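Once you've looked at the hints, dock chain B with the ligands against the given chain A.
Quick note, the sequences are listed as chains A and B, same order. Sequential numbering of the first sequence, starting at 1, is according to UniProt numbering. Sequential numbering of the second sequence, starting at 1, is according to UniProt numbering.
Since no wrong hints were added, every one of them can be taken at face value.
Interface residues of chain A toward chain B, partial, derived using beta-carbon atoms under 10 Å: (1) I286; (2) F364; (3) S368; (4) S372; (5) K412.
From the structure, some residues in chain A lie toward chain B, with a derived Cβ separation under 10 Å: (6) I260; (7) L281; (8) F371; (9) Y386; (10) I389; (11) S405.
Listed below are the simulated BS3-like cross-link pairs for lysine-lysine, each with C-alpha atoms no more than 25 Å apart in a straight line: (12) B:K30 / A:K412; (13) A:K424 / A:K341; (14) A:K341 / A:K412; (15) A:K228 / A:K191; (16) B:K63 / A:K191; (17) A:K228 / A:K530; (18) A:K582 / A:K567; (19) B:K156 / B:K168; (20) B:K179 / B:K84; (21) A:K228 / A:K263; (22) A:K271 / A:K228; (23) A:K412 / B:K84; (24) A:K341 / B:K63; (25) A:K412 / B:K63; (26) A:K274 / A:K228.
In short, the hints are calculated from the structure, not lab data. Quantities reported herein were computed from a predicted structural model and do not represent experimental measurements. The C-beta atom is built at its ideal place from N, Cα and C for all residues, glycine as well.
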Amino acid sequence: MPSDTSSSTSDHDFDQNPQSIEEQLASVALTLSDGEPSANQETNGVVRELVNQNTQIAPEEQVQCNSVAAEEIGEVRESSNHGVVWGRTISELEMDGPSSPSSSGYAGERGSSSASSESITDDVVEQHEIEQVRNDDTIDGISDSYTPWLPGKRHEDEDDASISWRKRKKHFFVLSNSGKPIYSRYGDEHKLAGFSATLQAIISFVENGGDRVKLLRAGKHQVVFLVKGPIYLVCISCTEEPYESLKGQLELIYGQMLVILTKSVNRCFEKNPKFDMTPLLGGTDIVFSSLIHSFSWNPATFLHAYTCLPLAYATRQAAGAILQDVADSGVLFAILMSRHKVVSLVGAQKASLHPDDMLLLANFVMMSESFSPVCLPRYNPFAFLYAYIHYFDADTYLMLLTTSSDAFYHLKDCRIRIEMVLLKSNVLSEVQRSLLDGGMHIEDLLVNPLTRSGSSPHLGQHRPPTDSSDLLNQPYFGIGGPTGLWHFIYRSIYLDQYVSSEFSAPINTPRQQKRLYRAYQKLFASMHDKGVGPHKTQFRRDESYVILCWVTQDFELYAAFDPLADKASAIKTCNRVCQWVKDVENEIFLLGSSPFSW
Amino acid sequence: MGCSSSLPDRDPKQLGRANLENSGGGHDAKNLRVKLVLLGDSGVGKSCIVLRFVRGQFDPTSKVTVGASFLSQTIALQDSTTVKFEIWDTAGQERYASLAPLYYRGAAVAVVVYDITSPESFNKAQYWVKELQKHGSSDIVMALVGNKADLNEQRKVPVQDGIDYAEKNGMFFIETSAKTADNINELFECHAISDVVSVLGHSLPCYQKTSP
Ligand SMILES: Nc1nc2c(ncn2[C@@H]2O[C@H](COP(=O)(O)OP(=O)(O)OP(=O)(O)O)[C@@H](O)[C@H]2O)c(=O)[nH]1
Ligand SMILES: [Mg+2]
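Next comes chain B alone, as it looks inside the complex:
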């Protein structure tokens, strides 16, 4: 499954203007900066997703995140534009919940992750979506991610539930596996982000490696 095409009907020109900065300071459209935050219950695989994206690795003994960790990854577009992702990988532990605004404030993209084998984590994802709708910036782009797609036999959250919820809330939807790397690049390179980037007149290639 690739990026869901359930694109919300919003005007891309409204998107993320305040959140996108150019590293040069002026409107140097060659180097874009995208602030992205990952939210979701502890153990759903946020850190693994980021690690897979940034270093191409998977750490099965991944440690619980404390507070939030900050990573960045730059990708080059076909037209030699570079996009630098500044990623806040937040801690899913309950004790850090009240700190989330620290990290999602000013983010252009929020990626809300759940674990397809855990209905509780799907509930928690919905909690985060509501929190972002209430307290996040109004033009934040949200993506809903069902991770651990490799554990399909243990699936407890039907794909359709994810798609439906995402559609209802104007979010992008994708299922990923940090373990097998399935759809990880797609998550970062597909519509959600290209939408943001297109504000400045660029489009990200959606490689569609696995999407039909």
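This is chain A alone, in the form it adopts within the complex:
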């Protein structure tokens, strides 16, 4: 079957009554994505065979350990003559083949391989433009209320028998290859032993056949699996996020686990396959729930880049200089951060810090002054480093990483030196000011487009003096008119950093922000879809906004506009945004002599 278009449309027929995850799981459509896209036909055969076997075999173990699931599997087996057709959704080879219009919302077209240009023109976009699709179904199940997020585990009383548990939009599970629960986003791990065993049975069943199960589709639900040695990670979601995004999230959860325990935890499983890992993760629910929460507000989780706090170049230089000083005295990494943004960071010779490690580290530490073992999975997944953490105030903190377990007093002295310099050069007060002022405000671009080309522009230079200016009180279409730019993210590929504009009307609730990030994320996944090859631009319109995405060798730009925005002017605006970013790059990025080679 050369194209999956025809059959994947029938995917939705399959989903006649979306019910509990288990029922869905039972009526699985297996997708094996290890095979190359060209091997569709063959893969389909494998899947069909596998599914057929699955319907017949339903491992005994499974029946014992989870009567509910087993029953349901049985039910499906019987009901296959009521119209459940196993082979039906098989061809839905997610992500490895070209994405089909019906499943991803836009059809891909291979971008040209021409060198990146400094600006896009209407022509270029026209040439590479992806079919504009009106997609009424892009709003995935965002049901979160406006109540502020509180850390910690919710709904601990739930288990897989609770209706509420079954209705959750996105589950994350971690289990061992013997089926022992390790972590569950909702509900008490220990009560989910039966459910875990079911997941384990599915994974090992497929693995024994020499294939790796990566994605199951069951109606609205996607079940994504990630196998990491003896540890299995599973996401069950009906949020319509692409497979690649969900897989990336599982990778981060696994990474967070390594931050806490290192990969040497694998040895516990070698010694004892029935090893119970939950005690080793005691008290870390909050770490995982805050990571999972960040999937919906922190673009670093899908961009694999970090972001800097906007600061005057000289201020950041001052911070960098003292950190460098300290790094030369035996500190592996010195990182000064404010919330999730980097003020400055420095690594000892040749040591490089991966943006994902920074994300996971920042998510893990939250203590006024502490000294703890941590592992940086991208740096060395087997070894602990020691992290000295000090909070200068509620937002701003220093992390000094070393390999030496008794460096505390040395690091404390380093911190005192750093603190003195930071105070003397007003870095800490500048950081506070930047937190208040924010970085790139869309209004700044639109208020004064002409002065922007002037020499040595500064961030916020043209901003109206007060936030209560008339401009900001106008309804949103007052900002830039119906072709208005609402938001953008610019990711510098060379620097592994991104900058995101400040949110403003009409995208000003966490829920809207989350929705926009999900839309970016979807585009990001499709732009990076290896099966399709790198796109150069995409212009996508739905009833919420127009998103224009533009990728060159140097950067990626994701920009959201009013849904009525006109393409030509959107492109013009994108060019202006890129120029703007260039103009202020000294302030929004950490540049220069960093020894990082990615």
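Coordinates of chain B with the ligands only, in the frame set by chain A:
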């Protein structure tokens, strides 16, 4: 209940010489530094005890400690001497158990905490006492603390068990509540520490607010 008076019979002059440093470097007896480490099962209230002592606050949503956190608090004595406590509040989670020596090494005082509503935590406290006896410095001063004394109705560890165990092991004993602040200052200001401080010829006032 105040400080237990079951003072171990040891020679105070032997105490903590290596562990007490003067911040000035020489024997500036006006400014003393006492390194203190808290050990005990996760959730017994170590962080809350320290927070109560250092900031006078109680955080019912206190987060699990990662590794160990370091806090200091300086108190002034009547004779204008100051004592600066450098406190290691260690993580009680199992995965950090092997790191404990990092933090108790060089400590003059070890405070081993359990939760009076949890017999397991009392067992864990005994584990820590044995570990300190085996691997800690020989002149470390130990205190046994039964925390959450405000939860007396849910008490599972009788006071007498604590007193007996402490006596047998030459430890100081006190029951505290980080929630109500009961006996928190007493813990830091009473015999265990004054004993250490008296090595250098000073005595800490034992305020005895609640002790009979
Ligand atoms: N009722 C009562 N609760 C307390 C008291 N002290 C602490 N708690 C509660 O016990 C829980 C754990 O307290 P922590 O101080 O974080 O425990 P910990 O010993 O530091 O735990 P780890 O950091 O994991 O080793 C918190 O929810 C506190 O609110 C107390 O004196 N009375
Ligand atoms: Mg604690």
